[in-house]
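J.: Here's the letter readout for the chains.
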Amino acid sequence: MINVALPKGRLGEKVLKIFEDAGYTCPSIHEQNRKLIFENEESGVRYFWVKPSDVAIYVERGAADVGVCGKDILLEYSPDVYELLDMGMGKCRMAVAAKSDFHDNTSRALIVATKFPNIARDYYMKQGRDIDIIKLNGSIEIAPILGMSDVIVDIVETGKTLLENDLCPYEDIVPISARFIANKASHKFKYDAITELVGKIADYVEGNK
Amino acid sequence: MTDINFKNDEAAVYAFKKLYGSYGYSKFRMSRFEEYDLYASNKNFLVSDNVITFTDTNGKLLALKPDVTLSIVKNTDPDKNGLQKLYYSENVYRVAAKTHEYKEIMQVGLECIGNVDSYATAEVITLAAKSLDMLDPDYILDLSHMSFASTLLSDIPTKQRKQIMSFMAEKNIHGLKSLDIDTDILDKLIALVSIYDKPEAALERLTELNINDEAVAELAALIAALTPAGVAEHIRFDFSVVSDESYYNGITFAGYVHSVPTRVLSGGRYDNLMKRFKKNCGAIGFAIYMDALDQLLCDKDFNEVDTVILYDDTTDIVMMSALVDELNKKGEKVKVVREIPRGLKYKNIVELGGNV
Numbered sequence: 002m003i004n005v006a007l008p009k010g011r012l013g014e015k016v017l018k019i020f021e022d023a024g025y026t027c028p029s030i031h032e033q034n035r036k037l038i039f040e041n042e043e044s045g046v047r048y049f050w051v052k053p054s055d056v057a058i059y060v061e062r063g064a065a066d067v068g069v070c071g072k073d074i075l076l077e078y079s080p081d082v083y084e085l086l087d088m089g090m091g092k093c094r095m096a097v098a099a100k101s102d103f104h105d106n107t108s109r110a111l112i113v114a115t116k117f118p119n120i121a122r123d124y125y126m127k128q129g130r131d132i133d134i135i136k137l138n139g140s141i142e143i144a145p146i147l148g149m150s151d152v153i154v155d156i157v158e159t160g161k162t163l164l165e166n167d168l169c170p171y172e173d174i175v176p177i178s179a180r181f182i183a184n185k186a187s188h189k190f191k192y193d194a195i196t197e198l199v200g201k202i203a204d205y206v207e208g209n210k
Numbered sequence: 220m221t222d223i224n225f226k227n228d229e230a231a232v233y234a235f236k237k238l239y240g241s242y243g244y245s246k247f248r249m250s251r252f253e254e255y256d257l258y259a260s261n262k263n264f265l266v267s268d269n270v271i272t273f274t275d276t277n278g279k280l281l282a283l284k285p286d287v288t289l290s291i292v293k294n295t296d297p298d299k300n301g302l303q304k305l306y307y308s309e310n311v312y313r314v315a316a317k318t319h320e321y322k323e324i325m326q327v328g329l330e331c332i333g334n335v336d337s338y339a340t341a342e343v344i345t346l347a348a349k350s351l352d353m354l355d356p357d358y359i360l361d362l363s364h365m366s367f368a369s370t371l372l373s374d375i376p377t378k379q380r381k382q383i384m385s386f387m388a389e390k391n392i393h394g395l396k397s398l399d400i401d402t403d404i405l406d407k408l409i410a411l412v413s414i415y416d417k418p419e420a421a422l423e424r425l426t427e428l429n430i431n432d433e434a435v436a437e438l439a440a441l442i443a444a445l446t447p448a449g450v451a452e453h454i455r456f457d458f459s460v461v462s463d464e465s466y467y468n469g470i471t472f473a474g475y476v477h478s479v480p481t482r483v484l485s486g487g488r489y490d491n492l493m494k495r496f497k498k499n500c501g502a503i504g505f506a507i508y509m510d511a512l513d514q515l516l517c518d519k520d521f522n523e524v525d526t527v528i529l530y531d532d533t534t535d536i537v538m539m540s541a542l543v544d545e546l547n548k549k550g551e552k553v554k555v556v557r558e559i560p561r562g563l564k565y566k567n568i569v570e571l572g573g574n575v
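Residue numbers (our numbering), protein chains in the order written: chain A, 2 to 210; chain B, 220 to 575.
Be a bit skeptical, because a hint or two may be false.
Interface residues of chain A toward chain B, partial, derived using beta-carbon atoms under 8 Å [what the hints assert, rightly or not]: (1) Glu84; (2) Leu86; (3) Asp87; (4) Asn184; (5) Phe190; (6) Tyr192.
Calculated from the structure, these hints are not laboratory results.
This one's a predicted model, so the numbers in the text were calculated from it and none came from an experiment.
Glycine included, every Cβ here is placed at the ideal spot set by N, Cα and C.
Construct all of the structure, not just a fragment, from the sequences and the given hints.
T.: Take a look at the structure:
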């Protein structure tokens, strides 16, 4: 039995479809009820929905053997897991964005608002730029508009939200997509089952490119 | 759940010590403090670079030791031909990666310092395997050799090397593919990271890859030496086990047991660390992370007794003491209380109070 942590939301629905198309079906997950864990003995999987940013924690701690989560989460929390596959979906990028008239004043620390303090710190450290981080949990775009921060470091998909708020992408940090991750110990003790699963998902992803 | 041999971590530590002692390893005892300088100059060797420091009465900066191996290396004076076999069980002080809080962690391990030959290597790995076996007979020991990666990466600049090493540790093949490296090297790196096999099949694959014949021969000899003790069947070759090249060279290994989701043992050959201390000899060792075993080794019956004796102010204390003594002599676990604690499991109950 492989325990799979799925990220709640649109991405997770798509991921589930890929798993099911690859043969890891689970009828009970489509029923309307309040259950949290869905199991199909026949196909050897047990699915559960968790908050996207928690997927890596469930996998690292071994509560889930495998899971799918965004590269942003992996970069931010550096969990001790195997990253076995780039699912090639949920594509977006981590970027610095600012008001369209922004000009970097290098005579003082740059104020950065973000949900991803580690990624931001790492990025600016490499440039040798002194920064002041404001950790926010959502609606990051408001920070520069209200003058609370100079820039934001956030995920940019189409850039539409930014544009509508008179913000624009300033620099790209790193491309992001969904990754298939596995717990290191599970990967050893359930090697055959997990390798088969990764292989099938990889074939499916490859075939649908 | 598989059978767990130990009731708690103390029992496990005791059994480890006995095992290492039976192979002629002697206990290395050290002070809780160490001069901070030692860690400042070897920061990368430490799991975390946060060290608890304080100044002693002479104004010298001391640290609560975050690691045992460095102290052993510093304090032993190996001669080139001899071999020192040491084990330790010590508390170390580290910052937990996720919570950023200081933690006191029990660490057990052993080091073999001096003329480390193929027998000594096999012995250390056998002891690592036996330690895992005592924890849970369903265990896996991942074996790797640093020379394959270092041969492949010899012409690659340090910065890119680090990125490659971290992708290797993640088994991140799509990450490796995204890097700008020579295709021949890339293909071999991917083939190397994709190996996860029992020794025989893996050795065959390694010979085909033809990266470093010397290392293949070393591994083959090691496996042959491990076979009689029944260790070889628990070994998997896994070249995603990469360690810092400035300390480690040659064989490295990591141990996992079925019931624990993280690595519980890690070790390897660290001649390069010896060189940093200007000690010209070989060294190999491993450490067991007792904190990772917390859940496995917790007292499952810690809230269980055979007999509960209830008493109150009217109870005859002398008679009760005699009863406790009598039950104890029969080998029973007895708990004397005025009130039954919440959640306590017991087989018998004796009420000795007049008001009860």
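J.: Evaluate each hint against the coordinates.
T.: Verification of the hints:
1. Glu84: It holds, given that the least Cβ distance between A/Glu84 and chain B is near 4 Å, below 8 Å.
2. Leu86: holds, 7 Å
3. Asp87: Status holds, d = 4 Å.
4. Asn184: holds, 6 Å
5. Phe190: holds, 5 Å
6. Tyr192: holds, 7 Å
Hint violations for this structure: none, all hints satisfied.
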